[in-house]
Structure formats: C-alpha cells, structure tokens
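Novice: Each chain, letter by letter, is given below.
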Amino acid sequence: MTAVFTEKDRVLDALGAVRDPELDEPITTLGFVSTCVVSAAGDAVVRLRLPTYFCAPNFAFLMVADAYDVVSALPGLRSVDVALEDHFAAAQINAGVAARAGFVASFDGEAAAELDELRRTFVAKAVLAGTDQVCRPFVASGTDPAEVARLTIADVPPSAELDRLLRRRAELGLSTGPDAPLLIDVGTGEAVAAPAAARHLGLARLTRTGIEANTGICRGMLRHRYTESGAGEEEQE
Amino acid sequence: MYEKNGEKYFVVDSHMHMWKAGPDNWVKGAEQYAKGWIECFHAYQSLGPKETHWTIEKFMSYTEDDLMKDVFEDGYVDVAIFQPTYLKEWYTEGFNTTEQNANLGEKHPGMFVLNTRFDPRDGDVGLEELARNVERYGSRGVKLYTAEWNAGSRGYKLTDPAAYTYLAKAQELGIKNIHVHKGPTIWPLDKDAFDVSDVDHAATDFPELNFIVEHVGLPRIEDFCFMATQEPNVYAGLSVVIGGLMHARPQFFAKVMGELLFWVGEDKMTFGSDYGIWEPKWQIEGFVDWEFPDQPEFADYPRLGVDGKKKILGLNAAKLYDIKVPDELQLKEETPAAQDDSKLVAS
Chain A
1 MTAVFTEKDR VLDALGAVRD PELDEPITTL GFVSTCVVSA AGDAVVRLRL
51 PTYFCAPNFA FLMVADAYDV VSALPGLRSV DVALEDHFAA AQINAGVAAR
101 AGFVASFDGE AAAELDELRR TFVAKAVLAG TDQVCRPFVA SGTDPAEVAR
151 LTIADVPPSA ELDRLLRRRA ELGLSTGPDA PLLIDVGTGE AVAAPAAARH
201 LGLARLTRTG IEANTGICRG MLRHRYTESG AGEEEQE
Chain B
1 MYEKNGEKYF VVDSHMHMWK AGPDNWVKGA EQYAKGWIEC FHAYQSLGPK
51 ETHWTIEKFM SYTEDDLMKD VFEDGYVDVA IFQPTYLKEW YTEGFNTTEQ
101 NANLGEKHPG MFVLNTRFDP RDGDVGLEEL ARNVERYGSR GVKLYTAEWN
151 AGSRGYKLTD PAAYTYLAKA QELGIKNIHV HKGPTIWPLD KDAFDVSDVD
201 HAATDFPELN FIVEHVGLPR IEDFCFMATQ EPNVYAGLSV VIGGLMHARP
251 QFFAKVMGEL LFWVGEDKMT FGSDYGIWEP KWQIEGFVDW EFPDQPEFAD
301 YPRLGVDGKK KILGLNAAKL YDIKVPDELQ LKEETPAAQD DSKLVAS
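Top line first, the protein sequences correspond to chains A and B. Numbering-wise, UniProt numbering puts 198 at position 198 of the first sequence, and it's gapless, one number per residue. Numbering-wise, UniProt numbering puts 109 at position 109 of the second sequence, and it's gapless, one number per residue.
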C-alpha cells in the first residue's frame, strides 16, 4: 500500500504539535480539530472546537494561537485561516490571533499580562505528571523512594514516557542529560533530596491523577456536544 | 436514609439546586451566555448513567415536584443544602436565588438548609442584602461562585480586599460554612481562574470559618489536595467527582478517591449530588457499593469502609451544619477526629 501524504495530512501533522496546556495532550487526539481542509490552491482552513462554551478563555487563546503559528510556519500554503467555534470568547480570540495581537490586546482591559507564566505553570505540572509515569514501575516493584531519588536519567530504560518527560523538562530549561537526576524540583531544577522523595512522588502521582481525571471529563463533555469525531481524534479509556 | 446490607446511611446532600434556565428567563442580549451555561450543565449530566438523562427542555425547567421526588422520595436524601447561584447578567430572575430556594423550602419544613450567597463587588448594598438574607432565612452557609460576571468584571478572588470585608461580615452574622465554586474566568484573565491559592489564604485568615471547595477544586485537584493538607478548615465537596466520574470513568474515579482519602481524609469529604445535574439515587447507591478495583495501582491508597461512607454521605455535613442525626444513624463508635486520617505534609 502506498501512503499518500496529502496537504491536509501535512497540516494535521503540524497541528499534532499543539497541545491543550491543561491536559498536556495534542488538540488533534483530543478531538478539538473539527475541520482541517486545504484547497488545491493552497488555502488552509482549520476550525477548532472545545468541550464547552465556557472553557477558560486563556487556554483557548493559547491553543488557537499555537495552531495558527504551526500552520503558518508550513511552507507552500497560500493562506491560513484558523478559528475557534462555539465559544463565548471566540470573536475576541479569533480576531486577536488573526491580527497576531497577543492576549492583552485581544482582551482589552481584562488581562494584565501575556500567557507565558500560565503556560509555564502547566508545563511544570506536565513534568510532575510525567515523573509519575516514568517512576511508577520503580515504585511498583518496591524501590524505596529514597532510592528513586538517587537515580539519574541514564538509569531509566528508554521509553516513550521518558522521551516525553525529557521534552517537557527541556521546555522549562531543566536538565535532561544522562547524568541529570530523575527527581528534580520543577521550580528550582535542583535534585530532590532522598528524605523529600516520598512527598515528591506523592505530588507527582496526584498531579497525574488530576490531569487524567480532567481529560476524562473533557472527552465526555466533547462527545456529548459533538457526535462527529474530530480530525485526528483518538478515543481513549 | 439509605439502607444496604443492614447498614443505615443518613444522607445530607450538601450541594444541590433548583434553577430556572428556560428561554423565558434569558436576559435580552445575553441569550447566548444563558444558553451556553445550561447546555454546559446538561453536558455534565451525560456523564451519568443513560437512564438518568433528561431532555434539554426538562433540564432547563424541571419542577418542584421533580425535585421532591428525585431528591427525597427516590433519592434517599434526609436533608438537602440549597445552594444559590444568581447569574443575573444572564438570567432575568436569576439562575437560582436564595428567595426562590426559600419559597420551596418553606413548604417542606426541616428538609432543606437554606444557604445564601454574596458577591464582594456589590459594595454596601450587597452587605445589607447578605444581612437581610441571613436574618430572614437563617442561613449558616454561603455559596460563592468566583467566576460570576458582574458589571463588566469577569470574576474575583477570595483574597480581594472586598471579599475579606464580606467574609468578616458573614462571620459576624453567624455564617459558618463557605462553599467555594471556581469557574473559567477571573480578573485578570491571564491568571488561572481555577487556582485555589486564594482559598488557602482566606482559610488561614478566617480560621473560624469552614471552606468547602466544591468539585474538590476540579480541574485543580492537585492544588486543592495539597492546600487541604495544610488547612484544617478546608473540606472537599464531592459534587462532580461522584456524578462526573464514578459512572463515566470508573478507573479515574478510583484514583481521585484514593488521592482524596490520602491527602484530605474521610472526615473532611462531603457528598453533594449537584442536582439537577445528576439525581442523587444512582450516586448514593453506587457509592455505597463502590470499592477500589482489585489492581496493584490502587493498593497503596487508604481503604474506605462503611463508617467512612457514612461520614461522607451525611455525618460530616451534619456536623458542619449542626443537623440533628437520629441516634440509630450515628456511627456505632466514635472515630478519631478530622485530620488524623490524612497525611499531613510539611511544606
């Protein structure tokens, strides 16, 4: 079978790099891309949808802006039209993103700063959740938390979960080399000391549980709101 | 009262509503928000068992008779704590107000606890209204929706100076319980509206008040749990947790319960059906039957027994509201107080 990599696939593939900042999952697999089409002339149209009319406007803005950025960066397209649908702040978000105006200008008088700090906060949560994913096998096999604190990245067998954790750490400017400690404070980047390891692992598990529960609820709400699957959507649990 | 396997459970539904959300109550020019809000609530209902789903028409305008049947006749609830949510920018007569709740409550003495609410952006007028409501309805609790839109503002934090003025006034009036419900907007919009650190500060500064964080801070369970370990007067309101996860996502439900039992403890968790989003019947029956899946990933979590379920379903809320519980429905032996069960973590 010959795979035909269409223009649409190329755009969808790019959109796969855009994540919901709260759920730390691509907007494609979450089902947030309702439309992705590219005309023969190279005009790309992307429409995004969210689980509710009132999903938080700051996260919504980030997703629309990120989607616009990744599609615009693709060579060979004549025009790019990315917009959010069915959302209370859609008009403000879409106008702001199309004008590349930033969050503060898009929500005139309602926002005090751009969203970098918000994004950072949630990447830090993703690092914690990823730490649980990677450490769970050690804990499950009876490794003492203090022992886990002595492990470095090189001590961990390669896995998709480890790759993902390292990518999130890199986004925060945290250490990712083979000698780097497995457990680090997401704020300071310092190694977690052995006596604090149990608490750190507890927080990591808690954070992962929170994100997974949110994802479950968001998927359920989206399925009620839209019966049709999104472009690139994957159903889970 | 619910009875199963010879055990009797006194049920306090600590978070429920009677709303009017039909098109006849939508504010002109704000119809899209009123519609969007109730449709969002309706989507939550879809996370419960299929046979309990309502049409959107019924969901917008269920009746007093529906409520009495679903909550008390079929739903095992002994006492229901009525929580108001005003949303007057979107709903002409309010989504559900203290007065509307009282109209129903007065027809059924002893079955409802009438909570009221305040909005710190309402100034002196709001303080007077709060005092009037407490006097007239005997309210011991307030429900705060921090994402409520009010005259151009998209929300507030409990740490805003005006909010402290209101909390102090509420305490002076005899209010004991503050139910906090976070939503998607706040001032300024670039901050995380669901962040619960303001509850943390307020709980420290008002140690005489209890703060019940509804839907356990969802979508910020992790922040909520960590905060709750440090604040003895912070409680986990289970509305949405049972309704939204127990049926739809049983694995995640078990994990969330495990984390809550570990960090917060069974003495500080309270059941709330969130009616009319979900009927209490299936939630109570399912919760009493519920146990951790027999899988290694759940082995570390504290267990929840019959006594713990009795506390969560009613006895904890009864304590918060001084609701008299018949002797036969009390625990057989008094168990240790609140925080002892949870793991206090030094920060």
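In short, the hints are calculated from the structure, not lab data. The beta-carbon is built from N, C-alpha and C at its ideal position, and this holds for glycine as well. Each hint should be verified, as a subset may be incorrect.
Computed footprint of chain B on chain A, listed as stretches where at least three residues anywhere in the stretch have a Cβ under 8 Å from a Cβ of chain B [unchecked claim]:
no., stretch
1, 74 to 81
2, 149 to 159
3, 166 to 178
4, 197 to 210
Restricting the straight-line Cα-Cα distance to at most 16 Å, the calculated cross-link-like pairs of lysine to aspartate or glutamate (EDC-like) are [as the list claims (entries may be wrong)]:
no., chain 1, residue 1, chain 2, residue 2
5, B, LYS191, A, GLU117
6, B, LYS191, B, GLU231
7, B, LYS191, A, ASP86
8, B, LYS35, B, GLU129
9, B, LYS35, B, GLU73
10, B, LYS107, A, ASP116
11, B, LYS191, A, ASP116
12, B, LYS176, B, ASP205
13, B, LYS20, A, GLU161
14, B, LYS157, A, ASP116
15, B, LYS281, B, ASP66
16, B, LYS169, B, GLU129
17, B, LYS4, B, GLU291
18, B, LYS35, B, GLU51
19, B, LYS58, B, GLU39
20, B, LYS35, A, GLU110
Novice: Now tell me if each hint is right for this structure.
Specialist: Outcome of the hint check:
no., hint, verdict
1, 74 to 81, "violated (count 0)"
2, 149 to 159, "violated (count 0)"
3, 166 to 178, "violated (count 0)"
4, 197 to 210, "holds (count 8)"
5, LYS191(B) <-> GLU117(A), "holds (8 Å)"
6, LYS191(B) <-> GLU231(B), "violated (23 Å)"
7, LYS191(B) <-> ASP86(A), "violated (23 Å)"
8, LYS35(B) <-> GLU129(B), "violated (28 Å)"
9, LYS35(B) <-> GLU73(B), "violated (30 Å)"
10, LYS107(B) <-> ASP116(A), "violated (53 Å)"
11, LYS191(B) <-> ASP116(A), "holds (10 Å)"
12, LYS176(B) <-> ASP205(B), "holds (14 Å)"
13, LYS20(B) <-> GLU161(A), "violated (47 Å)"
14, LYS157(B) <-> ASP116(A), "violated (21 Å)"
15, LYS281(B) <-> ASP66(B), "holds (13 Å)"
16, LYS169(B) <-> GLU129(B), "holds (11 Å)"
17, LYS4(B) <-> GLU291(B), "holds (15 Å)"
18, LYS35(B) <-> GLU51(B), "violated (24 Å)"
19, LYS58(B) <-> GLU39(B), "holds (12 Å)"
20, LYS35(B) <-> GLU110(A), "violated (23 Å)"
Consistency with the previously given hints fails for numbers 1, 2, 3, 6, 7, 8, 9, 10, 13, 14, 18 and 20, ordered from lowest to highest.
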